[in-house]
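Assemble chain B onto chain A, guided by the hints.
If you want the building blocks of each chain, they are given just below.
2 protein chains.
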Amino acid sequence: MKNPLSQSNLSRLCIHTATTKPLPIEEAVKIYSEHGVRAMTVWRDALQGKNVNEVKKLIEQYNIKVVSLCRGGFFPSVSVVKRKQAIDDNIQAIDEAASIGAPMIVLVCGAEPRQSLETSRSQIKAGLEAILPVAEQKKIKLAIEPLHPMYADDRSAINTLKQANDMAEYFDSPWIGVAIDVYHVWWDPDLEDEIKRCGAHGNLFAFHICDWKVPTGHILFDRGLMGEGCIDIPQIRGWVEQTGFDGFHEVEIFSEKYWQSDQVEFIKNIIEAYNKFT
Amino acid sequence: MKNPLSQSNLSRLCIHTATTKPLPIEEAVKIYSEHGVRAMTVWRDALQGKNVNEVKKLIEQYNIKVVSLCRGGFFPSVSVVKRKQAIDDNIQAIDEAASIGAPMIVLVCGAEPRQSLETSRSQIKAGLEAILPVAEQKKIKLAIEPLHPMYADDRSAINTLKQANDMAEYFDSPWIGVAIDVYHVWWDPDLEDEIKRCGAHGNLFAFHICDWKVPTGHILFDRGLMGEGCIDIPQIRGWVEQTGFDGFHEVEIFSEKYWQSDQVEFIKNIIEAYNKFT
Chain A
1 MKNPLSQSNL SRLCIHTATT KPLPIEEAVK IYSEHGVRAM TVWRDALQGK
51 NVNEVKKLIE QYNIKVVSLC RGGFFPSVSV VKRKQAIDDN IQAIDEAASI
101 GAPMIVLVCG AEPRQSLETS RSQIKAGLEA ILPVAEQKKI KLAIEPLHPM
151 YADDRSAINT LKQANDMAEY FDSPWIGVAI DVYHVWWDPD LEDEIKRCGA
201 HGNLFAFHIC DWKVPTGHIL FDRGLMGEGC IDIPQIRGWV EQTGFDGFHE
251 VEIFSEKYWQ SDQVEFIKNI IEAYNKFT
Chain B
1 MKNPLSQSNL SRLCIHTATT KPLPIEEAVK IYSEHGVRAM TVWRDALQGK
51 NVNEVKKLIE QYNIKVVSLC RGGFFPSVSV VKRKQAIDDN IQAIDEAASI
101 GAPMIVLVCG AEPRQSLETS RSQIKAGLEA ILPVAEQKKI KLAIEPLHPM
151 YADDRSAINT LKQANDMAEY FDSPWIGVAI DVYHVWWDPD LEDEIKRCGA
201 HGNLFAFHIC DWKVPTGHIL FDRGLMGEGC IDIPQIRGWV EQTGFDGFHE
251 VEIFSEKYWQ SDQVEFIKNI IEAYNKFT
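Those protein sequences? They're chains A and B, same order as listed. Residue numbers for the first sequence, in the numbering used here: 1 to 278. Residue numbers for the second sequence, in the numbering used here: 1 to 278.
Do not take every clue at face value.
Identical copies carry no separate label here, and so any pair may be met within one copy or between two of them.
Taking lysine to any residue pairs in the SDA-like style, the calculated list, with each CA pair at most 20 Å apart, reads [stated by the list, open to error]:
| id | residue 1 | residue 2 |
| --- | --- | --- |
| 1 | K213 | P113 |
| 2 | K213 | M150 |
| 3 | K139 | I87 |
| 4 | K56 | L23 |
| 5 | K138 | V78 |
| 6 | K139 | S261 |
| 7 | K84 | L132 |
| 8 | K162 | P189 |
| 9 | K84 | P189 |
If you're looking for bench data, these hints aren't it; they were derived computationally from the structure.
Extracted from the complex, chain A is given alone in its bound form (with noise of 0.2 Å):
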């Protein structure tokens, strides 16, 4: 690991409250709050049942910048009725994110077992164009995040960060670009080359954290802590920021481990794990 963070410095530190799920989102601000995080990503799930009015108004007033709502995306499928559905879904993710004041939702594009990932990439770029207009009136950035490829059989045609650069190019606007997640991009031989055009192109809108643990006991539930895997996080962090990124450094942690501990100690490890590892 290089040139890690040499100081407690939290004015960039993000967390997901996918992160920290067993906690109800106002508790989540509260014990992120006390623990000087003055950031977090709002998961929809997180949403579900409340006054979103309200719940914007409590990350107000603790002071906490809202850096994304996660997620839009889920394009693809054999059905041209969810595929509608799947568009109807974005909009109203947009409108969400309007909402509870998130400027920018993160997009899993989606992938249909059925048919090839060429087909649902073309189903991707018509999603996208279909909810462009919508994103652009309500102010809302789209970001593309490719996904690791051991996610291309449901979850994403869009596996690598050249595809997703590819796609952000292909609309060339600025109400579309990318996030990048070390845990999908960080095996890539082309990772510093695409993460330079990726800023060069203005298309660099997050930067997501966590690491890959060895073994992995979980395709989906077993991320790492920073520094507890094989990611070499202060390399990417290093060219991503050399592009000239000044956005947040968000944890996003699915752990089926983490999420049975105690939720305060984990805040306090992230925040730990962040200042050595990151």
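For chain B alone, coordinates are given in the frame of chain A:
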């Protein structure tokens, strides 16, 4: 699925002993033969504690062709002693291949989570350089198998067919080529081009098949039978054969589920799935 094999023709079907791991190799030979399977790839663990000459005789007696020995590789380590041990072990594998009558070794090249993938790749290169003269002398081919990026942590720093092609072309030897397994490469947007390139350079040494289940329950041991998942095997087989490849279709399925099932029924199911979905 396009262009599946239109008739029951087992002349190019090969089964890996690891696919039917519960069967001792002597039984595997007999049962494969009884069901019309004319080729096998032998995993080294299947030979452990056996008289290799006797196993070889049995294989010949049943008129089964040995396609490959699995597996060599695992070159990288932070320990110089372990790197030397890996080279010794690969030389031993070359001897074992010669002893069992296998013309080729499949290499899972290895990765070391405590160092960069670039460093691991340079150690893979050094390992190949060290064993190549022995392989030439014994006339055993070395097939570099690119592994899915989800194995970049501790199994292989060579995660795309492009990387495997680069490595094989670097050596420019008739004894070093590539093994393509649909499970590892199906997601790759450059796959068709890289298969062409692999064939054009005479480096397409082996072709492995199975399927990617949706969902996948285990990162290592939940591979599917052909047709059970989302890989368009006939399309990839078509690309492989358009290069002139006329080798075997090797069924390599690691599956706790199938290992726990009746192995004779499983072999019948493999043959059925092979005819329908390959």
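Outcome of the hint check:
no.: 1; hint: K213 / P113; in the structure: between (27 Å within a copy, 9 Å between copies)
no.: 2; hint: K213 / M150; in the structure: both (15 Å within a copy, 11 Å between copies)
no.: 3; hint: K139 / I87; in the structure: within (17 Å within a copy, 58 Å between copies)
no.: 4; hint: K56 / L23; in the structure: within (16 Å within a copy, 62 Å between copies)
no.: 5; hint: K138 / V78; in the structure: neither (29 Å within a copy, 52 Å between copies)
no.: 6; hint: K139 / S261; in the structure: neither (38 Å within a copy, 56 Å between copies)
no.: 7; hint: K84 / L132; in the structure: within (15 Å within a copy, 56 Å between copies)
no.: 8; hint: K162 / P189; in the structure: both (11 Å within a copy, 10 Å between copies)
no.: 9; hint: K84 / P189; in the structure: neither (36 Å within a copy, 26 Å between copies)
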